[in-house]
Amino acid sequence: MKTRISPYEMIVLLFFGVAPTAGMFVPPLIFKQAGRDSWISLLILIGFSILLAINHSILGEKMKRTDLVNYTKKVLSRPIAVPIIVAVIFMFVFFSGVITRESSETIKAVYYSQSSLWLLNLVMILTSGIIAYYGLEVMGRSAILMIYPYLFIFFILFLLTINEMSITRLQPIMAQGLKPILRGVIPGLTYFSELFLVLIIAPHLTQRGKIFKSTLIVILIISVFMLISVITPIAIFGEEFSTKMEFPIITSFSYIERYTIIERMDPFFVFFWVAGSIGKAAIYIYAGAYVTQKLFNITSYYVFIPFYVVLAYLSANYFPSIYDLKDFLSSGVIYFLVILVLYPCLLNLVSLFRGESRS
Amino acid sequence: MNIIKRIFKHGNKKEEEKSSFQEKNNIPEYFTKSLEKNKKIMQAVFNKVEDVKFRDIYLSGEHNQQINIQLIYVENIVSTKVINEDIIKQLMTFQNDDHKGLSKKERLSFLANKIINVKDYTETKETQKAINEILKGKTILLVDGIDKVLSLDTQGRNERAVTNPNVEITVRGPQEAFMENVQVNLGLLRRRIVSKDLKVINFVKGKHSQTSIIVVYLDGVANEKIVQEVISRIERINVAQINGCSQVAELIEDNPLSLFNTIYDTERPDVAAAGILEGRVGVFTDGCPTGLLAPKLFVENFISPEDYYYRFWITFALRILRFMAYFVSTFLPSIYVAVLSFHQELIPTTLARTIYAAREGVPFPIFIEMLIFLLFFQIIKESGATVPVALSTSTSIVGTLILGQTAITAGFLSADGVIIGSITGIALFLLPVIELSHALFYLRFILLFVSSFGGLLGIVIVSLLILVHMNSLRSFGVPYLSPLAPFHLQDLKDFFIRVPYIFMNTRPASLEAEDQIRQGNYPLKRYFFKYKIKPFANVDEEEQNED
Chain H
25 MKTRISPYEM
35 IVLLFFGVAP
45 TAGMFVPPLI
55 FKQAGRDSWI
65 SLLILIGFSI
75 LLAINHSILG
85 EKMKRTDLVN
95 YTKKVLSRPI
105 AVPIIVAVIF
115 MFVFFSGVIT
125 RESSETIKAV
135 YYSQSSLWLL
145 NLVMILTSGI
155 IAYYGLEVMG
165 RSAILMIYPY
175 LFIFFILFLL
185 TINEMSITRL
195 QPIMAQGLKP
205 ILRGVIPGLT
215 YFSELFLVLI
225 IAPHLTQRGK
235 IFKSTLIVIL
245 IISVFMLISV
255 ITPIAIFGEE
265 FSTKMEFPII
275 TSFSYIERYT
285 IIERMDPFFV
295 FFWVAGSIGK
305 AAIYIYAGAY
315 VTQKLFNITS
325 YYVFIPFYVV
335 LAYLSANYFP
345 SIYDLKDFLS
355 SGVIYFLVIL
365 VLYPCLLNLV
375 SLFRGESRS
Chain W
10 MNIIKRIFKH
20 GNKKEEEKSS
30 FQEKNNIPEY
40 FTKSLEKNKK
50 IMQAVFNKVE
60 DVKFRDIYLS
70 GEHNQQINIQ
80 LIYVENIVST
90 KVINEDIIKQ
100 LMTFQNDDHK
110 GLSKKERLSF
120 LANKIINVKD
130 YTETKETQKA
140 INEILKGKTI
150 LLVDGIDKVL
160 SLDTQGRNER
170 AVTNPNVEIT
180 VRGPQEAFME
190 NVQVNLGLLR
200 RRIVSKDLKV
210 INFVKGKHSQ
220 TSIIVVYLDG
230 VANEKIVQEV
240 ISRIERINVA
250 QINGCSQVAE
260 LIEDNPLSLF
270 NTIYDTERPD
280 VAAAGILEGR
290 VGVFTDGCPT
300 GLLAPKLFVE
310 NFISPEDYYY
320 RFWITFALRI
330 LRFMAYFVST
340 FLPSIYVAVL
350 SFHQELIPTT
360 LARTIYAARE
370 GVPFPIFIEM
380 LIFLLFFQII
390 KESGATVPVA
400 LSTSTSIVGT
410 LILGQTAITA
420 GFLSADGVII
430 GSITGIALFL
440 LPVIELSHAL
450 FYLRFILLFV
460 SSFGGLLGIV
470 IVSLLILVHM
480 NSLRSFGVPY
490 LSPLAPFHLQ
500 DLKDFFIRVP
510 YIFMNTRPAS
520 LEAEDQIRQG
530 NYPLKRYFFK
540 YKIKPFANVD
550 EEEQNED
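Taken in order, these protein sequences are the chains called H and W. Letter by letter, the first sequence follows residues 25 to 383 of this note's numbering. Letter by letter, the second sequence follows residues 10 to 556 of this note's numbering.
Please keep in mind that the hints were generated in silico from the structure rather than gathered at the bench. Possibly wrong hints are sitting among the right ones.
To be verified - FRET-style restraints, in silico, Cβ to Cβ: (1) 499(W) - 188(H): 53 to 61 Å; (2) 265(W) - 373(H): 50 to 58 Å; (3) 325(W) - 357(H): 48 to 56 Å; (4) 167(W) - 323(H): 51 to 59 Å; (5) 447(W) - 376(H): 57 to 65 Å.
Claimed, not checked - Reference listing, derived: stretches of chain W covered by chain H, where coverage requires no fewer than 3 residues with Cβ under 8 Å from a Cβ of chain H: (6) 351 to 363; (7) 454 to 467; (8) 492 to 506.
Claimed, not checked - Far from chain W, by Cβ distances over 10 Å, these chain H residues were calculated: (9) 103; (10) 133; (11) 264.
Every residue, glycine too, gets a C-beta built ideally from N, C-alpha and C.
Work the whole structure out from these sequences, hints included.
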């Protein structure tokens, strides 16, 4: 049976493909550069993601039912396509490991300080592998059911923090000029470039005409989610404290003191966030296995999942500490942007010269 | 080459079985014209089968020649009245000469059409078919000089009357349930669906049991692909005996290994009729007082037949309660263990002080305590279900009140643990579909184990896997978690709530019925604006004017 995804499922899959880690890790990275003007950096990142959405939608429509691998072979020729595809596979598998590591580090730091990191990584990666095994359709349907409680709890907790916020902590705007804001954009580029997943999902879409609309909707949801994640800590704690926090949004939610029946509200969000991160890692493992399947022209992607689970586990344990991981991610921005941004843009451009039409 | 041989061998299995059976028993494939030979064949077949009766009758034929007839039937599964009054008496009192000019071939149909008073008959030449008919409760009539036999419908098992439902009990709804006779069940359905489009397809399955399985659907409403899928899966059944509808359900459902069943079991004709009218396919098995409906969606586990006999607003409240009960009965014990073992920071200090004070002196860890209580509760529940009704009350009192209270007083269990366990157990009783309760039994214990060493993270991971598993399930092609995933907005009108009947204009989109329209539009203005009824006097005047 051929995999088919509705535009609605694509929206939720893309949300979980970008938002979980971006919401948790982008704010502290931006805070360090842009301080209280981080929200302006975020607006620039949103503009960047809209440009990506335009490019990916055009490309997705040109690809029609052809998958990314075969389309690349067709447009760029096989000798050029193969190394690029191998790099894409490597990036997917590596990303699934990184996502798992980021989640396990967070959960260990906040709730499981006595547990071994390797064990948390192993449990999460195995779960992601099992989810990936079920395929894109099942992941899409599961994401539909996860997104409601995920966003509901996030917004409820945000509303409960409103009383603690002060808009004056966001002022003065652009006191340090434009430079820190632009520097703040850089660490977020990789996370927002993850919209690349559109190109994996688009050939399976039931209504291909809705690629752009669906991508715009998901950008809108992610933008609101991210803006809340960036503005809340600064509006509560101010610039000085926020820039020193590792997980500012969790810290913000942990200060809610509304109801006496529950002492702390933040675990409600954190454990849903972990579920979202496991889902995100599963999407990347699936994407890696799917692209490999297409590269080797094999009928099933299942066979690659055990290998990628092992590779993802190794990449999750590769970095000695979370700081090494963050350093690598900061220094590797260019590499990731080449694959996630330059490659689709180049593909689009060459296909344009070769007269590939969208209709 | 071996594989091809094996496939080929498998393909001819039926033929081989048939020929080996007949060779083994030395039975010819067809009847002969000689009654004596035919008698010998049947006596050989039913050797040492003492409930099979052979009754010889002699009619006077042309030129005072005697026509020999033999009746063969199984004593306990036929209607003695029909055999005595409508067959034997009719044959023996028959002194008419009408048949004397008839040929031997014509004689058989003459007997069936003019003399014997049974509602249905068939003619056959095949010995195997005649044997099967006898075993089903029909009577075979052998006539000398004819190589065909009459199979007369004389079935008459001792059966109970249609009774009240035992599981799906309602206060307002109809008080009748399916019974073991599939034909009676079909009649109960026909009473509710008076339509020529109600199609009935009969299958006989089980090599030894020869069980009748009936597929029922509404032509033009049920999705043709789903109907064909059900039929093809039933056709593929190849077993020695059918023990009941649960076996049929397992043999035809998409994933029999899953904890969640993807075929709806019902003992109520009104539920079955409603399902068929929505576009589902019914499967009824002879000897089983439960009908099967396919496809089944997960949400149907929260729908009780009573919902459709109450006002819609109370149904809304009841369904919300059931959804809450589902989450409570599944997750509450594990969350309790996870929070007290790993995440104590979630509990306010006052509450934590109360809980830990109550736990003082309890010799077991929280997980073991909860495990003991849940197992204890399950034992009481099962014993209540299996002991006679007169004893079940005593069991409940001894189990819950005396043992529970004593366990707390003795410091064996903590009061808060007993409260949590009891809420979990009681919540389970709110779920109207018993199959879901069975599935939750395992889920609850799996989550409990995981929470004891993984805390909330363990619960999240297992819940995620359960969610993905449920999403991977399909019931005859329809996603099990529909209409939530994939999302069908219009199907939500009978999900968390049951909207008033006036809004139920379409059938569930999830079932992809051929005809989506269920009813015409109702003018809503009558519910929002004052509705003026014409006085009777005016109507009379109008009629007079017309005259």
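These are the hints, each one checked on the structure:
no.: 1; hint: 499(W) - 188(H): 53 to 61 Å; result: violated, 42 Å
no.: 2; hint: 265(W) - 373(H): 50 to 58 Å; result: holds, 53 Å
no.: 3; hint: 325(W) - 357(H): 48 to 56 Å; result: holds, 52 Å
no.: 4; hint: 167(W) - 323(H): 51 to 59 Å; result: holds, 57 Å
no.: 5; hint: 447(W) - 376(H): 57 to 65 Å; result: holds, 59 Å
no.: 6; hint: 351 to 363; result: holds (count 9)
no.: 7; hint: 454 to 467; result: holds (count 4)
no.: 8; hint: 492 to 506; result: holds (count 4)
no.: 9; hint: 103; result: holds, 39 Å
no.: 10; hint: 133; result: holds, 13 Å
no.: 11; hint: 264; result: holds, 26 Å
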